[in-house]
Structures are given as structure tokens and as C-alpha cells.
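A.B. asks: What the sequence shown shows, in numbering that gives the first Met the number 0, is residues 0 to 633, in sequence order.
FYI, nobody ran anything at the bench for these hints, they're computed from the structure. Incorrect hints may have been included.
[To be verified] Taking lysine-lysine and the DSSO-like style, the derived pairs with C-alpha atoms no more than 27 Å apart in a straight line are:
# : residue 1 : residue 2
1 : K81       : K350
2 : K550      : K341
3 : K81       : K32
4 : K32       : K550
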Amino acid sequence: MGYDEVYARAVRDPEGYWAEAARAIHWDSPAQKILDDSAPPFYRWFRGGRLNTCYNALDRHVEAGRGDQAAVIYDSPVTQTKRTSTYREMRDQVALFAGALARLGVARGDRVIIYMPMVPEALISMLACARLGAVHSVVFGGFSAHELATRIDDAKPRVVVAGSCGIEPTRVVHYKPMLDKAIDQARHKPEHCIVLQRPQGPAELKQGRDISWDEAIDGATPHDCVSVEATDPLYILYTSGTTGKPKGVVRDNGGHAVALKWSMEHLYGVKPGEVYWAASDVGWVVGHSYIVYAPLLHGCTTLVYEGKPVGTPDAGAFWRVISEHKVAVMFTAPTAFRAIKKEDPTAEHLKRYDLSGFRALFLAGERCDPDTLEWAGKILDRPVIDHWWQTETGWAIAGNFLGIELLPIRSGSAGKPSPGYDVQIVDDNGKPVAAGEMGRIVVKLPLPPACLPTLWNNDERFKEAYLNAVPGYYLTGDSGYLDEDGYLFVMGRIDDTINVAGHRLSSGAMEEVLASHPAVAECAVIAVNDELKGSLPLGLVVMKSGVNLDKATLCKELVDLVREEIGPVAVFKKVAVVDRLPKTRSGKILRAVMRKIADNEAYQAPATIDDPAILNEIRGALTAIGYADGKAKI
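Turn these sequences into a full structure, and let the hints guide you.
C.D. replies: Pasting the structure below:
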């Protein structure tokens with residue numbers, strides 16, 4: 000069947016569709032009810048079914064004869080280390096570490112916080128929790144002590160598993176002092192901390208509470224898989240940038256395993272045994288879904304990469320990994336490719352590597368501008384597919400489905416809705432809008448398997464944050480439109496829509512225009528306050544390396560370009576040229592923070608920011624053109 004037939008079937012008969020997909024997973028007991036819709040808006044998939052996610056990710060492949068296949072390849076240019084673990088080796092290491100956790104009292108339903116760099120032990124820790132039926136909550140390595148403390152208080156872990164340090168291209172980030180400070184601040188006190196001692200930055204252990212990884216597994220007894228309910232939580236993942244009480248997205252075991260296994264075959268088009276690489280971090284939802292669980296559920300080889308797209312050692316880093324490890328399909332953020340394009344606009348590094356086995360590139364995490372999509376497609380001569388999803392959903396809301404039917408790629412679009420998602424566009428009053436008209440992107444309830452059933456210990460906040468705005472629908476928080484052919488265009492967060500004298504303008508549309516200029520590597524458009532028109536758009540751009548064009552000329556050309564493409568209604572008059580844009584570590588541009596800086600308002604840098612020092616650079620650039628401390632007037 001083609002995409003249209005598959006999508007229609009999933010909408011017409013969701014229970015039958017997902018019951019069939021569930022046959023690809025090993026169940027200890029089958030579900031008694033595929034979709035429990037008895038208590039809306041709280042829907043649960045595969046009620047009454049029992050399984051173990053770790054068994055499905057490791058043990059069953061060993062038992063099926065794939066034990067000697069590579070499960071995890073660790074490639075760390077920052078430590079000059081490479082290591083491959085087979086499915087049998089991973090199963091045995093995970094079973095042993097699960098035994099170590101059990102020896103410390105961790106059992107089904109207990110929480111374990113994992114605060115680790117990109118090393119195989121991070122995956123082992125997550126899978127060991129799943130093996131026990133414990134609930135893991137991964138906190139991005141290097142998060143501030145305060146943010147870590149809020150998560151400790153919310154999840155109340157029995158044990159914390161941490162690395163002694165993380166390694167960046169130019170520095171070592173010591174995790175243990177931040178962990179100690181977080182535990183001092185937190186009201187809840189974990190009973191034990193297991194610390195993976197890395198030679199680049201070993202940590203001092205606190206007697207009685209802390210034990211080293213090696214000490215923890217020494218003498219431990221390998222633990223069998225614990226059968227859990229499909230509706231039991233697998234993990235909690237806190238949304239980035241939270242302040243105060245964090246929002247803990249809950250992921251269940253059954254729906255998660257079914258949908259992620261389905262996505263590997265139908266969305267990404269990969270086969271068991273092939274190498275799949277998600278160039279992300281286990282601290283993000285991409286790392287959970289597509290470094291750890293989905294590839295292993297599907298029997299693929301997954302890559303753990305401790306490095307950057309540029310600088311470790313150069314802009315050819317990704318091409319080396321794809322070539323060396325025979326990657327079939329890759330998934331990363333558009334910001335990674337913008338960084339490569341900025342450093343190597345003619346893709347000279349690519350010529351050094353053999354990518355003959357590489358089939359497709361998927362991009363997500365930040366809206367992909369058409370210029371970057373087209374550049375990547377041109378240099379790779381392969382499908383480059385933008386797709387869109389969220390921490391809350393765990394897998395793609397929209398995409399292009401290599402394993403079903405490769406649809407024509409439309410630049411600027413995230414593709415068509417995934418089977419199981421009934422995506423609609425509504426206005427501010429919740430009323431449907433016509434094709435091609437901008438509005439709020441919502442998904443009709445019930446959401447498909449793997450999407451969040453609620454927030455950790457906070458059903459009311461779940462309803463308030465996602466469901467109350469448009470009853471019967473999940474509010475994504477993004478704005479965009481569906482064209483007449485059903486392609487979804489995600490134009491930015493609802494808060495990023497710019498209202499100029501009553502005209503609602505998309506920051507994403509203006510960013511497309513700026514990114515189309517041959518001198519621009521990366522850009523962002525933000526709304527700044529204006530006494531006369533309410534708000535006005537302001538552009539920030541990063542120039543490509545080696546471009547011989549003075550900044551004043553570039554700014555004038557960009558203003559003229561927006562006027563020509565969008566029209567005078569945009570009142571686009573100001574551009575700041577900057578060396579880099581502030582981002583989270585997952586690649587999202589911090590537009591809201593830049594907006595506050597431009598308007599000279601107080602702001603709080605999110606814990607997820609990649610480099611806080613950049614905000615001073617942004618303030619300086621904005622002040623130079625009359626904003627921020629310059630108290631802008633046009």
C-alpha cells in the first residue's frame with residue numbers, strides 16, 4: 000500500500016492498525032484492550048498487555064541468532080576511542096548492571112536519574128533500568144546544579160548514575176561537583192550515586208553514598224528481565240528550558256515499543272542489521288528514541304558519537320563516520336548541517352569519503368530552511384527529509400515515509416502527517432482554517448501509541464499545558480499550515496508569530512528569505528516591541544566562512560530581499576550580523592531570549608543553552624544597531 004492507503008487505514012481503524020503493528024513486539028501477555036478510551040482525555044494503549052522493553056531490544060535478538068551482530072558502535076573523536084559491542088555483549092553488560100542496581104535496592108517502579116556523557120555506559124544504564132522495570136530519567140550531562148536538583152525533587156530517584164566528566168573539543172566539563180551541589184540543594188536525597196570514572200576527569204567519591212561503576216558491578220549477579228504492564232512508565236524526560244517545577248513527559252512501555260519499532264521500518268526505511276545513526280545526545284528525546292530504543296528494537300546497529308559536526312577535527316567529521324561505519328540512514332538537526340555549510344560551503348571534505356552505502360538523511364529538532372535542505376540534497380545526491388516531532392510525542396508527527404512511499408519532497412515542509420496522527424490547523428478560537436492558511440497546529444485525540452499519556456505526577460498540568468486550549472485536541476504549541484495536497488508546513492512556535500499593525504507574519508517565512516541569500520549560513524527572525532506598530536521583525540544572520548561581502552551591503556540586500564518576497568507589510572528594516580546564534584544543545588535557536596535582550600527586558604538563560612557567553616555577544620550586536628542597551632527606535 001502507498002502512503003494514502005496506509006494513512007487512511009490508521010485513521011479509520013486505529014485499534015486494528017496498531018494491533019497489527021504490535022505483532023512485531025514480543026509480549027509476555029497480549030493486551031486485553033488495544034485502546035482504552037474509558038477516561039478521556041487520558042487514553043492508554045495496550046491495556047493489560049505485559050512485556051519488557053529491554054528484552055525486546057536485546058535478549059530476543061540474541062535468542063534469534065543475532066548475538067554476534069554489532070549492536071552499539073562507540074566513536075569518540077574527542078577521546079580518540081572506538082569500540083563495538085555485539086548484541087550478546089550488550090545483553091550481558093546490561094544484565095550485570097541491572098544486577099548492580101538491584102543490589103542497591105532498585106526495583107520495578109523505582110526511579111533512577113542518569114547524568115551521563117555520550118558513552119556506551121549511558122545506554123547500558125537506561126536499558127538496565129528498563130530490564131528491572133525501573134523508571135529512568137536522563138538529565139543532559141552538564142546541566143546546572145539547580146536544574147538537576149529540580150529534577151531530583153520531582154522524580155525522587157533511589158539512585159543516580161553519573162559520569163565523572165564530559166568532554167568537549169576544548170575543555171573537560173566536571174559533572175560530579177554539579178551533582179554534589181544538586182543533591183545538597185534538593186530536598187530529596189538519593190540513597191546512592193554510581194559514578195563512571197573517566198580518566199580525563201576522575202571525581203572524588205563521597206563515602207557511604209558514592210560508589211564507582213567498577214565497584215558497583217564487581218560481584219553483581221546478572222538480572223533477568225522483569226515483566227511490566229504495557230501502561231507502566233518506561234522513562235520520564237523533562238522538557239528543556241523549564242523553570243520552577245519541571246514538566247516530566249512520561250513514556251509508557253507498550254505503546255513506545257510498538258510505535259518506535261514501526262517507525263524504523265516505515266518512516267526511516269531501514270532493515271535489521273543495518274547501521275543507523277542519530278547524531279544527537281541521550282539527554283534529548285532524539286537520543287532516547289533513535290540512539291537507544293528504536294534501532295535496538297528493530298535489530299539495527301546504533302552509533303554513539305561523542306563529537307561535533309565541525310571541529311572534531313573538521314567539517315568532514317560526519318562524512319568520516321558515515322563512510323567508516325557504513326551508515327545507511329542518518330538523523331540529525333538542521334543546525335548541524337548549517338554549521339557544516341558555514342565551514343565548508345562547497346563540501347570539499349565530502350570528496351575524501353565513500354558514501355556509496357548511504358541512502359537518506361533525516362533532519363528534525365529545528366525548522367529546516369529550504370536553502371539548507373536543498374544544499375544538503377545537492378551535495379549528497381540522496382533524499383534529504385525534514386520531519387517534525389516533539390519530546391512529548393516521542394516520534395514523528397509528520398514526515399516522508401521511506402518504508403512506505405517516498406513522496407515528492409517540498410522544501411519548507413515537514414512532509415505529511417504520520418499514520419496515527421490526525422493533524423489539523425485551527426485559529427485562535429479553535430475553529431478550522433482553510434488549506435494554506437496559517438494557524439495553530441493541533442492533533443485530534445487520542446494521540447497514537449508512544450505519545451505522552453500525561454506528565455509525571457501532574458495530570459492537571461498535562462491538561463492545562465496541552466489539552467484545555469482546544470478541547471478534544473492536543474495543542475502542539477507550533478503554528479503553520481497544511482497545503483491543498485496535505486503537506487504540513489511548521490513555521491515556528493505560536494509565540495514566534497509576529498503581529499505587525501494587525502498583520503500576522505511568520506518568522507519562519509522571513510527566515511526562509513534570509514537563508515536564501517548566498518552569503519547567509521544561518522539566521523533567525525524575532526519580534527521586537529514598537530510603539531507605533533506593536534511589534535516589528537528583526538533579523539540576525541551568520542555569514543558563511545570565506546564570503547567577501549561587507550556587513551552593511553549584506554544588511555541592505557537582506558532588507559530589500561524581504562521587502563521583495565514578503566512585501567512592505569513586514570516592515571523589515573533591521574539586520575544584525577553575528578558570529579553565531581544562541582542555541583540549546585539540541586540545536587534549537589533561542590529566539591525568545593534574543594527577543595527579551597532586544598527589548599532590554601530581564602531574561603533567564605535556559606539550562607539547555609550551549610554557551611551562555613554568546614548572549615553577551617548578541618547584546619553587543621543588537622546594541623550596535625540601536626536595540627538592547629541602545630533602547631531601539633526605528
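A.B. asks: Each hint should be assessed against the structure and marked as holding or not.
C.D. replies: To see whether the hints hold, each was checked on the structure:
In summary, the hint linking K81 to K350 is supported, as the alpha carbons are separated by about 23 Å, within the 27 Å threshold. Distance check on the hinted pair: K550 and K341 sit about 16 Å apart at the alpha-carbon level, within 27 Å; holds. Between K81 and K32 the alpha-carbon distance is near 45 Å, which puts this suggested pair outside the 27 Å criterion. Of the pairs offered as hints, the one joining K32 and K550 is violated, with about 62 Å between alpha carbons and a cut-off of 27 Å exceeded.
Of the numbered hints stated above, those contradicted by the structure are hints 3 and 4, listed in ascending order.
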